[in-house]
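Colleague: If you want the building blocks of each chain, they are given just below.
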Amino acid sequence: MTGRVFLFGDDIDTDQLAPGQYMSGGIEALAAHCLEGARADFPVSVKPGDVVVAGRNFGMGSSREQAAEALKHLGVAGVVAVSFAGIFYRNAINLGLPVMTAPDLAGIEDGEAATLDVDAGVLRLPDRARAVPLDPLPDNLKTLLADGGLVPHLKKRFAAEKEDNRS
Amino acid sequence: MMATTLAQKIIARAAGRETVKPGEVVTAAVDLAMIHDSGGPRRVEPILKDLGAGLFDRDKVVLISDHYVPGDTDEGARILALTRQWAKDRGVAFHDGQGICHVVLPEKGHLKPGMFVVGGDSHSPTGGAFGAYMFGVGATEMAGVLATGEIWIRVPGTILLEWTGRLGAGVTAKDMMLATCARLGMDGGQYQAVEYAGEAVRALSMQERMTLSNMAAELGAQAGLIAPDETTAQWLAGVGGDAGDWRGLVTDRDAPLLAQHVFDASALQPQAAAPHSPANAAPVGDAGRVAVDVAYIGACTGAKHEDLRAAAAILKGRTAAPGVELLVAPASKTDQDRAEAEGIMAVLEAAGARVLPNACGICAGYGAHRLGEDVTCISSTARNFKGRMGAASSKVWLASPYTVAASAVAGHLADPRDMLAETGA
Chain R
280 MTGRVFLFGD
290 DIDTDQLAPG
300 QYMSGGIEAL
310 AAHCLEGARA
320 DFPVSVKPGD
330 VVVAGRNFGM
340 GSSREQAAEA
350 LKHLGVAGVV
360 AVSFAGIFYR
370 NAINLGLPVM
380 TAPDLAGIED
390 GEAATLDVDA
400 GVLRLPDRAR
410 AVPLDPLPDN
420 LKTLLADGGL
430 VPHLKKRFAA
440 EKEDNRS
Chain V
152 MMATTLAQKI
162 IARAAGRETV
172 KPGEVVTAAV
182 DLAMIHDSGG
192 PRRVEPILKD
202 LGAGLFDRDK
212 VVLISDHYVP
222 GDTDEGARIL
232 ALTRQWAKDR
242 GVAFHDGQGI
252 CHVVLPEKGH
262 LKPGMFVVGG
272 DSHSPTGGAF
282 GAYMFGVGAT
292 EMAGVLATGE
302 IWIRVPGTIL
312 LEWTGRLGAG
322 VTAKDMMLAT
332 CARLGMDGGQ
342 YQAVEYAGEA
352 VRALSMQERM
362 TLSNMAAELG
372 AQAGLIAPDE
382 TTAQWLAGVG
392 GDAGDWRGLV
402 TDRDAPLLAQ
412 HVFDASALQP
422 QAAAPHSPAN
432 AAPVGDAGRV
442 AVDVAYIGAC
452 TGAKHEDLRA
462 AAAILKGRTA
472 APGVELLVAP
482 ASKTDQDRAE
492 AEGIMAVLEA
502 AGARVLPNAC
512 GICAGYGAHR
522 LGEDVTCISS
532 TARNFKGRMG
542 AASSKVWLAS
552 PYTVAASAVA
562 GHLADPRDML
572 AETGA
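Protein sequence lines, in the order shown, are assigned to chains R and V.
Here the first sequence stands for residues 280 to 446, where the numbers follow my numbering.
Here the second sequence stands for residues 152 to 576, where the numbers follow my numbering.
Please note that the accuracy of each hint is not assured.
[Claimed, not checked] Chain V regions said to be covered by chain R (calculated; three or more residues, Cβ under 8 Å):
no.	segment
1	201 to 210
2	348 to 357
3	513 to 525
4	535 to 548
[To be verified] For each label pair, taking beta carbons as the anchor points, the in silico distance ranges come out as:
no.	chain 1	residue 1	chain 2	residue 2	range
5	V	R440	R	G390	36 to 44 Å
6	V	K172	R	R409	31 to 39 Å
7	R	P412	V	G174	15 to 23 Å
8	R	P412	V	A433	51 to 59 Å
9	V	T178	R	P382	26 to 34 Å
Hints listed in this document are in silico derivations from the structure and should not be mistaken for laboratory results.
In this text, a Cβ means the ideal position worked out from N, Cα and C, and glycines have one as well.
Using the sequences plus the hints, can you model the full thing?
Modeller: See below:
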């Protein structure tokens, strides 16, 4: 699925991704304000398949997983950044939202067409016939993401354990 | 035997291994899981139901209400009611309305050196002050822990922050952390283990050490450790806890480190971090004359008993400047009670302070006192990200409780040492 790039800078924090004042309600209401402080057009114009591209330390701050959940709810295909804050990174994988780092994201333009190909480990930029290589995910996270996140992964594991106990 | 770090020792034990190497991924058994009302029952229970799972060990789960206390909105009251019901249904230890989780957890004797602990909050590294490897996770990951009792971890390298010398009067752990954020940046911790050491750290009280570990979160570290010593053991004995066998819990002299940074505590001046990042810290004297509308002494970072005492050292015989709203939200009920008994609360109230509930409050952007449009606030909290404590146009400066109190009196950012010298403190 081809979407567009939404470009962000360094140190995007979880208060921008999931503002505290909307935390008591559901994800629908929260996602409507996702990143609006950084750029007001994001929550209103982001579409399924779009890719968030950012600088260093994306997702710093709180452990609230609604920061990653809001992006997933909005249909974002994934986040590609120079680096991620640790808790956000784990939350995203646990919720099945692809988060990928890349050594070099220079030259990617806001609004340009993009496809995040997690399996191939590239961000494709079809307008320029360019594919930006992404760092491979560690094996344990590849499995988690392939299973669709931590909950489906655990369901699979519990089912297998039950099966083992039976045999 | 191989020389290893404190982090490696704790993780190896939790993973049931002789040793672990930085970079390898291991599965570790959790000694304790702490959750609060925001990321806790309302988020984890639906997942546990979906998984058809119960708690791995209800004696290893602690629930603390702090985010939606006092429940003064409909949504907040609903979340608190759900939290209380869950505590009953699941039979876990529950501290309701007793204060902020990171302060209440050790205060109630739940933490012990060498423990491997997860917390459902980003300031969970606070537990590192007690020599526990404690780190924050989100709700889904917490639900996984509650169901299985284990979690995967990439064994971290250790970044040693060594503080030589001694802090001067009116300079605190909070100033140490703001200066560290300025020097290393918001990702200087690289999601590795930070360990604080050196003469200045050894000389700190437990609550000041908690401030160091707490703000390891602002460095983007996974944990913020301090090797336990007699100070730790005595403090834990004082709350009816037990330090256990803590003497071997150190980073060996020859253990390989990821990095080591040396700081001079004796040269450190009171800091203030400009909006909108803790990394914007510089000596408060360099900030110029910045007028403040609100002075906030609150949060696990900056409203513990000793933080309140620091504020009172400035505010004794003084009052907040006209037009400055001074808000104090003591971090825990126990800390507030102690401050009350010592006359500290009376000093704060005489200075014009409005006392708010023992809860996260506006630090987390919750509650009725969120900052309005264009308000400038000086705050003893940990984070000043844009819009975190209220309107996107509000501006938050971070500083120590001394500096917040001095600024409240002056009506603008002020170095607390001048007032301390006048008082003769």
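Colleague: If a hint holds in the structure, say so; if it does not, say that too.
Modeller: Evaluation of the provided hints:
Residues of the segment 201 to 210 of chain V lying with their CB closer than 8 Å to a CB of chain R number 4, which satisfies the three-residue condition for coverage. Using a Cβ-Cβ cut-off of 8 Å, 0 residues of the segment 348 to 357 of chain V lie near chain R, which falls short of the minimum of three, so the contact claim is violated. With 4 residues having a Cβ less than 8 Å from any Cβ of chain R, the segment 513 to 525 of chain V passes the three-residue criterion, so the hint holds. Judged by the Cβ-Cβ criterion of 8 Å, the segment 535 to 548 of chain V is covered by chain R as claimed, because 5 of its residues qualify and three suffice.
With their beta carbons about 43 Å apart, R440(V) and G390(R) fall inside the hinted range of 36 to 44 Å. A hinted range of 31 to 39 Å for the beta carbons of K172(V) and R409(R) is consistent with their spacing of about 38 Å. For the hinted restraint 15 to 23 Å between P412(R) and G174(V), the CB-CB distance of approximately 22 Å keeps it satisfied. Range check, P412(R) to A433(V): Cβ separation about 39 Å, and the 51 to 59 Å hint is violated.
For T178(V) and P382(R), the Cβ-Cβ distance of about 29 Å falls inside the hinted range of 26 to 34 Å, so the restraint holds.
Violated hints, in rising order: 2, 8; the structure is consistent with all others.
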